[in-house]
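Student: Let the hints inform the model, and build the full structure from the sequences given.
Heads up: the protein sequence lines correspond to chains A and B, in order. Using the numbering used here, the first residue of the first sequence is number 1, and each one after it goes up by one. Using the numbering used here, the first residue of the second sequence is number 1, and each one after it goes up by one.
Since the hints were made in silico from the structure, they are not lab data. Only a predicted model underlies this, so the values are computations on that prediction, with no experimental measurement involved. No false leads were slipped in.
Coverage of chain B stretches by chain A, computed from C-beta distances (three or more under 8 Å per stretch; other residues unrestricted):
no., stretch
1, 18 to 25
2, 77 to 88
3, 93 to 101
4, 105 to 114
In silico DSSO-like cross-links for lysine-lysine, where the CA-CA straight-line distance does not exceed 27 Å:
no., chain 1, residue 1, chain 2, residue 2
5, B, 18, A, 437
6, A, 399, B, 2
7, A, 366, A, 458
8, B, 71, B, 93
9, B, 2, B, 101
10, A, 439, B, 102
11, A, 217, A, 298
12, A, 506, B, 75
13, A, 458, A, 498
14, A, 366, A, 351
15, A, 420, B, 18
16, B, 3, A, 498
17, A, 298, A, 179
18, B, 101, A, 366
19, B, 93, A, 500
20, A, 498, B, 114
21, B, 71, B, 3
22, B, 18, A, 430
23, B, 58, B, 3
24, A, 458, B, 93
25, A, 458, B, 3
What follows is a set of in silico ranges between Cβ atoms, one per label pair, in the way DEER data are often shown:
no., chain 1, residue 1, chain 2, residue 2, range
26, A, 246, B, 1, 51 to 61 Å
27, A, 427, B, 10, 25 to 35 Å
28, B, 10, A, 424, 25 to 35 Å
29, A, 358, B, 56, 43 to 53 Å
30, A, 424, B, 33, 25 to 35 Å
31, B, 11, A, 437, 18 to 28 Å
Note that CB positions come from ideal geometry on N, CA and C, so glycine has one too.
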Amino acid sequence: MPKRDEYAFENILKSSESVLEDLGDLDSLTSGLPEEMEERIRSDKQQEELESLERSLGLKSDGYVDLRVEQEGMICAADFYPPTPGGEPLDLHRVEQHLDARKISFGADWNAIKEAVFKCNTEGVEITDVVVARGLNPVNEIPQHLELEGKYLVQEPETEQPEGKIDYKQRTPFVLVQKGDVLARLVPPVEGVMGTTVLGEAIAFKTSKPRTMKPGKNTEVVGDRVVAEVSGRFEHTPGSFWVAEVLQIRDAVDYRTGHIDFPGDVIVYGEVSDGFNIRAGGAIICRRTLDASEVVCKKDLIVDRGIIGRKPGTVRVGGELRARFIENCYVEAEGSITVTTGILNSAIHSKGRIDTDLKGIIVGGKLYALGGVTATQIGTRMGPRTEIYCGIDFSILQKLEWIRDRNMELAFKLAGVDQKLKKDGAGAEKLSGLRDKLKAAIHKLNGAAQSLIVHLDKQEDAEVVVRRSIFPGTYIEICHVPYIITQEMRAVRFVLDKEKGRIVVKAASSGR
Amino acid sequence: MKKILVIDDEQMILDAVKVILEDMGFQVDVFADPLQGEKQALSEDYDLVLVDVRMPGKNGAELTESILAGKPSVKILIITAYPADPLAERALKAGAVGLLKKPFEIAKILDFLKS
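Tutor: Here it is, written out as structure tokens:
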């Protein structure tokens, strides 16, 4: 039998026996009350009636105490009455007798009783509502359970800038956690303790049922803690908590969300407003228009509507990119790019292919596609310049151009030093030293360029396919071999003739 | 050692390109005067000739035509800021093998020297 039940059982046993003992032999009750009991009843009643009469008639009466048990046996309150002239003052013995008579056996506050008796007798005033005994509340049993770290239930404070302004773009309602962060702790069990009423009756304790928080996906139990197994968004319901690798933004990305920087996938159901950045360790799926200020994802970017570039906006995609259209945008994608309606005045870079759907056009800007380009129309009769570069890895070209620019700067400086040396020879020693350093730097950069070129894989079978029309003003280059469109051409494809080192034009249907 | 001739009316760029390409191990001759450059191209054998498309006196398209008329096998790369420049287009028609974005593109130079 559990401890608390044993205790309750004993208590009931004792108190019941005491009552029974007080009543005496109950078997005799069948033939009427025993004589001594009748006498006792009569005597008690007589005393009570007399006291009552004395009080009402202002006759002489002793000091007395009136007890009452309240709050389901947890409190015994008393009113202390002083004696009338000639009456006996109250004393502790009489109070004790009264307490015994009322079966108050637990939690007597003798200090309070002494004080009340003293005041009542000496000042001759009634002292009422004195708590003379208190029961003991039971302590509830609490089983072992998990408790979330407080910070995961509270909104992060606003980000303040040094000048005291709040950068609302930095605010986010998303609680992001890093791998290894402690999310919850195991709270040890609390043992239950029985309570007692002032009548000495045992009160059983209850067992609390704390909210059970089960650790869910991407969490790990380490000792008495639950930690994040991955970096992501902390999410919880009343019964569970987990780390989500997908961030779903039901509305727009704007001042309400701030910039988004999430280690997993991000799904945005609203528009992404101008000036707000999104960075994702996974893919980004945007259900509406993307006003691209800075969009960076390590996996795919899928935009149901279009991508509109905002200077100095950039879009960098680790995987493939799909959108209805791309306009005025700088885009880099490790994979292929597919658009439905068109690409307008954009700088698009892909290490795969750039393709449009059957109605797709490419007008203006520069396109770099390692694997080639397919579009229904390229350029227009108005002749905006459209440049298409295929068969070369754009990222290596960018590095080579950077090296070239630095080398040009160094070479200009070198020319200046040479001129100075020729002119007057002043500080020749220092200038010679500088000259050597400049030449060494150029040499190092050239070395870097040459090692990069080793990795410049060319895709010589890359081609440009035009389903309908391509217009003058368009420039095509496949593996460094150029072709300038000088007249409208229809349903053609441009392929590299490796033998001749020239681009040749074929009918679009004769291949793809 | 591969020989490169560069003809460009901007002396500063010419000097810088010479320093960089020489450091890469090429023999580089440079001419700011297109007519002198043309003369040099016709009198010596070069593996590659880089010609700026817009120069006073004689433009890159005319130079390409005259150089290739005298030395049909020489590889000429046209230096231009705009690939769709009509003069660049004319030079390509005349037989230039490629276009270099100003001031030059090392990947293309190495590529055309190799092929």
